[in-house]
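Student: Protein chains in written order, with our numbering: chain A, 1 to 543; chain B, 544 to 1210.
Possibly wrong hints are sitting among the right ones.
What the hints assert, rightly or not - Rough simulated footprint, nothing fancy, chain A against chain B, three-plus residues with beta-carbon under 8 Å:
id: 1; region: 610–620
id: 2; region: 1071–1077
Said to hold, decoys possible - Partner residues aside, some chain B positions facing chain A, computed with beta carbon under 10 Å:
id: 3; residue: S556
id: 4; residue: R647
id: 5; residue: N665
id: 6; residue: R728
id: 7; residue: S755
Simulated from the structure, these hints should not be mistaken for lab results.
Model, not experiment: these values are computed from the prediction.
Cβ coordinates follow ideal geometry from the N, Cα and C atoms, glycine included.
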Amino acid sequence: MNTKNDFYSIVEEVTEKRVKYHDLYEIAAYLESVGWNDRRAFAAYGFNNIFEMAQQVFDIVDSKTSVSTYVPPEKLNIFNFIINSIKNFFRGLIFALPMAISVVSMLTLRFSLWSYENLTTDLATSIAVGTILSFMTVGGFTQAIARRGFFYIIMGYYNMARKVTFSFIKIGYVTIFTFALLLLAISYIFSFFPMKMLLIAILYYIFLSSIWLSVTVMYILRKEFAFTGLIAFGIVLVGFLFLIMDINIIVSQLISLVVVTILCLLLVIYFFHKAELKMEKGLSPKMPKLSVTFYTVVPYFLYGFSYFTFLYTDRVIAWSANDSSNMPYIIWFRGAYELGLDFALFTLIIPTGVIEVVVYSIMKQLELQIKNFTLYNTNELNNLFKKKYTKNLFITIVVSLLSGVFIYLLLLYIDKNYSAVLRFSIAENPTILFVFTCSIIAYSILAVGLMNSVLLFSLSQPKIINKALGASLAINIGVGFIGSRWFSWMQNNLWNNVPFHGIEGYAFAICGLLAGSIYFMIKSTKTVYEVFDHLDYYLYAMS
Amino acid sequence: MYASFSNQFANMSKFFIAFIFLFIILPSLIGGRIDEDDVDNLAANYIRAVFWVIVVGYVLVFTKLYEFLTMFAIIILLLCRKLSAETKLLGRRSEEGTGILILRFLDKQVNVLKVITLKVKNTIFNFQKTTALSHSNTEKVVFAGLTFIVLIVSAYIRFGDAISHAAMPLSDSYITLDWIKGVERRQLFYEPEGGVYPRGLSIYMATIHKFSFMDAMYVLKYTGPLNGLLIGVSILYVVYKLVKSKYAALAAAAIYGIGAGIFGSEIVRQAATNSQEFALVFLLPTIYFTYKYLKERRQRDFLTAITGLTVMGLIHTFVYFFGVIAVSINIFILFVKAPVKNFKYYMKLIAGGIFSAITSLVPFAAGLFEGIGLHGSSVEFLTDIGNISLKKLLATDYLALVAFLLFGIYLLIIAKKKKKEAYLLFPVFLLIISVFIIYYAGGYLTKSTLLNERTKEIWALFAVLSIGISSGVLMSRMEIRTIGKIFSMGICFICLVLLVKFIGVKPLEPYKMEWDSGVEQYLKMVKQYQPKSWTLVAEEIQYAMVTGTGFLITTENFTNDYSAEDPFQDKWLNLGENIFIYQQKNIFEVNKSNIIYNIEGPKYEKMKIDGEAMDEWLKLYKSSGGSYSIYYEDQNIRIVYIYNKAFEDLEKKKLWGGRLNVFNNII
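Just chain A, with the same shape it has in the complex (with noise of 0.2 Å):
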């Protein structure tokens, strides 16, 4: 005869399969499906029959179970989600601080941590080439950190995101110093660069590399001002080193970056131990397999590289355009186009912050909203989301719009009434003005895009988004490739006193660019939309 413990085990059999029973039949017809009868009832418990058995199976489990009745799902604190709002569009503009600094401390002192305005064209190409790869190598890993990372977080796991995070800065170091050293073969045979001009970009590319991944793991701590202070202390760094102490100035920001990199390491290192310390005791979970971890961040790490790689790509395209005779090596750096670009970065600070906003709203509204609906009516849950994205969708292209035109209309008027504080007339240069305002137009569409891109991401969604960010990225190309190209010959050899006259050929590779972020904005809300239509399905998915 089996012991009490034994039968307590069929018990919990029984309610691992369902917690709450109808009656002892539906658990005898349950004991009878996995093989129990009257004889085996008898010879193990001595129960003279089956029922008598779910008898006593029943009560256990019906004495077990409690029933709550049903309470409807907490209202939106219309206070907390304001406060929220606010302290979400603010995190997405510290973002912007950073760069806000290093453009005051051009407009000012003339240099920052990694550009200086007198620069001469090779070294200006240089430190560009270093920039945009080290932008284009660690974008991927910064999604992936930012990915893991906070997942371990939100969870309280300071330890495992502090794991996670540094395997992939390792594995990004490897990456970094891999390429740089491929980059100093290629061009040792080959010679594409002079090899001083390559050394500079490669020790640019490779500090910056170590900064941006640094930046990250300071994002996702929410240390932000760190980082922002620090860029600050290397402008000061330089700023002593080449004005008071009279130290080339290639060489005091290749210091100040170093001296930023290591500072960066060490805050990273040192706010994750105080993160941990807060942390509660004999938490320490064992870490997922390598593999697993890599299978779940793909996604986010393609995306990463495919978005830097689209916001930088028609720089090169424009570089690399060999219009004039003066082109010296396949990419030489035109200061008109990159001014263009710079000023118009500017458009992305407002919807950045309302992004924030609108992905939080909807995110937080979806989280409350979906208790209030059962299987049968999904649809109604799926047309309530469709019609908060489509509210949200109008306030983000408003806002972009806006921002574009205001951004437009004040460096114009800073042009033209305080030209002495840019020093280069946007109006007066037709390239200039020409890649200003079209990277206006694209950036404000861009916005668009990078909500959905946000939103799909919170949903879990990213790869339908690389799909969508894949095809811009190729279009990109093939417009900014042609229309630069063209346009560089139909001017040097059609065009005289032409609409287009004065604006130099290269320029046109900001059609790419246009032509993307157009593109990307239409098949991110197409992507969007759709994924609201099976809205259930992706709650569940996500799940």
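For this one, chain A is given, so just place chain B on it according to the hints.
Tutor: Here is chain B on its own, set in the frame of chain A:
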């Protein structure tokens, strides 16, 4: 130094890496395996790769998109397409397989180091196995050794000048180099020197240049000798494939490689780079693939043959003409043999021929559509009529004719027993006699200088082919037995020794148009100064060399247009930041016996006058307070350096394209 080992090694490495990447590795990756025979596969892939490089080059130049990035993007797209096609072919399993492999690697279930070590060990083991096999087979080693010697000697003869002399060979080089740079400027045809002419070779070299990142002059200097060597290799390959005698094939390749000049051809052209020689690389392989198509009736060989024919059309119309003759003879034979049964095959060849003709003509039509005339000197040569008599035959011509007769006798002998072999080799027989007739009487009958002069190179190739085939049909029978093999080996060796003894092994020496030291200094400037930041004040001949890396202004224009007393005015911004004045103490003159002297001779007097004006200009410049330094000087030339002060403060404007006055005010 130009001729130093390190310089030549570095540049040759770049050249051959680009060549191997573009024409061997990429075709095999993108096109895959075309033929189960390794050598046929390599040849077919090379022919197709050259075809696509030229066609894509034409399209990109025409659409103004010709540049490294476009070609790189096309390669990446094609590789992705190939990868995706292969993945589809293998199905989901391959995707999953790769994915799982990565995941296992991440979980340290796969030790990459171990896998690599194992692969390396296996490769070494296989190599040792093969080598061991070769060691046991002395005959194979001897053949490999003899082939190596033939190739090395042929290469030495052709590359010797390119390695030791900086100045470019023959006057044609200057035009050819200018055309390469024209392609890179996305200008197919232009006046006055860039008139309509097939640009296949220019596109081919421009593409190698784009992927080798070296000075275009090196590409020009190495491509010609490589083409000459490849013609020799094509003889080795085709003779072996037609008659299956490797020693006969090797002997023929040795005759061509060492002694092509004995057939009256201007072998010195193979030390320079010319379209005709490049087109000749494809002539024999095209004949072979047509032969193979008729033998095996497979589509892949048809496509390769027609591609080869089209490549010739895109490179050199005159050689293409001989390719057309070769294909036409095959069509004729097919028709005569069985007009109904062979209908499909000869019609295919006709269609292929038409395709090649149209493709070859498209660039001409495009050029003429742009309103640019045919290339002047080529048209002159094409239409030149002279009082031409029948060609005087050389002893070597008779030797080739004897060989040809033997070939004919062999065909008669096998006509009954080996009908198919005879029928397949008969078009080759007819082709050799056709080429001989054109060589011997073409000029006499048409009075065409072109036909009279340029057929020599074609005949040299077919004379060697004739010798190779006739000796091959005999030797292939012997090579079945060991003793026969030894005998063939001996014949081949004796042939090699005789060639070396009587003809000698010394590099070809094409005439030059300028001092070596001048070109060496140009290459030094390219290394020292940023491209496009300098201007060379020199004679017009150096334009092709300088354009694209720097700028050139003629001495005459410089002394006339740029004031020595009041230098560095705004106008000086049209010059580079660094100015080099090239002065000849002794004017370089080509030999008076050289036909080119008729054209160049009158220029030398003007050069002297320009040189004196330059001396005066420098004196005046110095007396006006100007400074210069001597960049280089030897017994023949002097190069003066002047920093162009008009460029001071311009860098910022160049960088930002901004309002310089505002900028300066702030500073």
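Student: The structure should be examined with respect to each hint, and the outcome stated for every one.
Tutor: Hints, verified against the model:
Beta-carbon proximity to chain A at under 8 Å applies to 5 residues in the region 610–620 of chain B; the threshold of 3 is reached and the given coverage holds. Given as covered by chain A, the region 1071–1077 of chain B passes the check, having 4 residues with a CB less than 8 Å from a CB of that chain where 3 are the minimum. The beta carbon of B:S556 comes within 7 Å of a beta carbon in chain A, closer than 10 Å, and the hint placing it at the interface holds. The beta carbon of B:R647 is positioned within 10 Å of a beta carbon in chain A (closest approach about 7 Å), and the interface hint is therefore held.
Interface restraint check: B:N665 against chain A, minimum CB-CB distance 26 Å, threshold 10 Å, status violated. Given the 10 Å rule on beta carbons, the hint for B:R728 holds: about 9 Å separates it from the nearest Cβ of chain A. For B:S755, the shortest C-beta to C-beta distance to chain A is roughly 7 Å, which falls under 10 Å, so the interface hint holds.
Checked against the numbered hints above, the structure breaks only hint 5 and satisfies the rest.
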